[in-house]
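Trainee: Just so you know, the sequences run in chain order A and B. Residue 0 is where the first sequence starts when you use numbering that gives the first Met the number 0, and the numbers rise one by one after that. Residue 0 is where the second sequence starts when you use numbering that gives the first Met the number 0, and the numbers rise one by one after that.
Wrong hints could be hidden among the right ones.
Stated by the list, open to error - According to the in silico footprint, chain B covers these stretches of chain A (three or more CB under 8 angstroms from chain B):
#, segment
1, 227-234
2, 251-257
3, 326-332
What the hints assert, rightly or not - Quick list of the computed label-pair ranges, beta carbon to beta carbon:
#, chain 1, residue 1, chain 2, residue 2, range
4, B, Phe31, A, Arg2, 53 to 59 angstroms
5, B, Asp20, A, Pro98, 16 to 22 angstroms
6, B, Phe31, A, Leu336, 31 to 37 angstroms
7, B, Asn56, A, Val66, 26 to 32 angstroms
8, B, Val30, A, Thr243, 50 to 56 angstroms
Quick caveat, the hints were computed from the structure, so don't treat them as lab data. No residue lacks a Cβ here, since even glycine has one placed at the ideal position from N, Cα and C.
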Amino acid sequence: MERYQRHIALAGFGNKGQETIKNTSVLIIGAGGLGVPVMQQLTACGIGTIGIMDGDTIEISNLPRQVLYTEQDVGKAKVAVAAQRLLLMNSEVNIIKYPFFLNAEKALELFKSYDIIVDATDRFDARYLINDACVLFNKPWVYGAVFQWEGQWAVWNFSVNDAEKTTYRDLFPIPPKANLIPDCNAQGVFATVPQIVGYFMANELIKMVLYPKELKSNSLMYFHFLKNSFQSLGIVPRSETIKTPLTAKDILDFDYSYYCGYKTEKDKEGILTILDKDTLIVDVRNKEEVPRLPLKCLEIPLHQLPDRIQELTANKILFVCQTGKRSKVAYEIYKTLLPQSIVDYYPYNIELFIKNHHHA
Amino acid sequence: MTILLFGILSEYIDKDQVPWDSFQTIGDMEVFLRNQFPLLKDIPIQFAVNHQMASANFVVEDVKELALMPPFSGG
């Protein structure tokens with residue numbers, strides 16, 4: 000126990016506290032910007048069993064935020080590299096690898112054997128699945144999310160003294176539709192933000208195990224890392240009931256991906272029918288995003304569109320953006336506001352658009 | 000009253016175009032915002048009054064601080 004001497008010296012912690020941590024098992028879903036700091040901290044402080052789930056491989060653009068990985072790891076599976084590094088850090092911890100993405104079957108199979116679930120994902124379908132499965136198995140879960148310079152975190156489905164529990168569905172009963180919320184790929188995030196939010200998540204998790212009465216459950220914590228402003232929002236159970244998957248069968252039958260708008264009904268070939276020399280291409284990206292389009296287009300960042308809608312006078316209008324998300328937002332809003340035009344959006348990334356349509 | 004717009008809402012809502020004190024309920028405020036700022040379409044907004052979640056029928060009075068929170072995605 001020499002390793003944990005500083006923990007044990009803490010008043011009210013002692014050998015018993017360290018033993019309690021050792022007997023705790025945590026499943027971390029997502030080995031990226033949030034997952035890495037969570038798993039580093041939980042490993043270092045001696046959580047007994049840590050499951051890590053992620054189907055992704057390491058990319059060079061991960062390195063600023065995901066500081067467990069090195070240049071030599073690019074292209075390798077995140078889970079394999081993470082497990083190897085974490086065991087070098089603390090060989091006493093039992094690391095279990097799940098080198099795949101979460102789905103309903105895996106959630107139903109694996110959640111029940113862990114004490115605590117950590118949502119370190121960047122997708123709403125995973126988040127709502129984690130929420131519903133944790134409610135089903137009565138598991139507390141720790142959550143974090145970031146946006147540019149802002150971060151939020153919370154512990155859901157947990158309370159002391161049988162107070163009423165709240166879940167992510169009390170905060171947002173239904174997900175935003177059709178990728179309306181840009182993720183880090185589209186909007187950017189500074190490296191320290193998920194790192195610090197991840198440490199807050201690990202801190203809340205340890206408090207839940209050892210000092211549950213200190214934990215501010217039923218609260219959403221928020222920090223703005225440019226302004227250094229902190230907020231804590233009290234969450235109350237919603238009185239209105241919405242239909243959610245409650246049983247294992249409900250969860251298996253529920254299409255979370257469609258529910259959260261990741262699957263689209265859009266015909267992939269539809270794009271070619273609108274794009275010709277008369278089409279007005281509207282690039283809704285911000286000015287600093289590259290590559291710029293090497294063809295004639297109108298550059299209007301999405302947030303300026305409402306004020307510049309009168310500029311969209313062509314018979315055919317095609318919205319494009321960096322990844323296909325903001326162009327879809329523009330399309331969803333303006334297809335009805337521009338009744339005189341045929342409106343569409345390019346659903347893929349800008350590089351592909353340039354590659355396939357530079358002659359347009 | 001102090002108005003705090005979190006995440007993407009600080010890009011989509013122009014604080015100065017909203018008569019924040021003129022609404023009876025949070026629900027009335029939300030209807031106005033969605034009409035005024037079409038980019039909000041289908042983005043869920045959680046309102047918080049004085050650090051506590053407030054639902055649509057919440058009557059807007061004695062509000063020192065109003066916070067509007069959208070879902071955050073990235074991780």
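Trainee: Could you run down the list of hints and mark each one as holding or not?
Mentor: Cross-check of the supplied hints:
1. 227-234: holds (count 5)
2. 251-257: Three-residue rule not met by the segment 251-257 of chain A, so violated; n is 0.
3. 326-332: holds (count 3)
4. B:Phe31 to A:Arg2: 53 to 59 angstroms: Roughly 58 angstroms apart at Cβ, these two residues keep to the hinted range, so it holds.
5. B:Asp20 to A:Pro98: 16 to 22 angstroms: Because 54 angstroms falls outside the window, the suggested range is violated.
6. B:Phe31 to A:Leu336: 31 to 37 angstroms: violated (18 angstroms)
7. B:Asn56 to A:Val66: 26 to 32 angstroms: violated (46 angstroms)
8. B:Val30 to A:Thr243: 50 to 56 angstroms: For Thr243 of chain A against Val30 of chain B, whose Cβ atoms are near 25 angstroms apart, the range 50 to 56 angstroms is violated.
Taken one by one, the earlier hints fail for this structure at numbers 2, 5, 6, 7 and 8, listed in ascending order.
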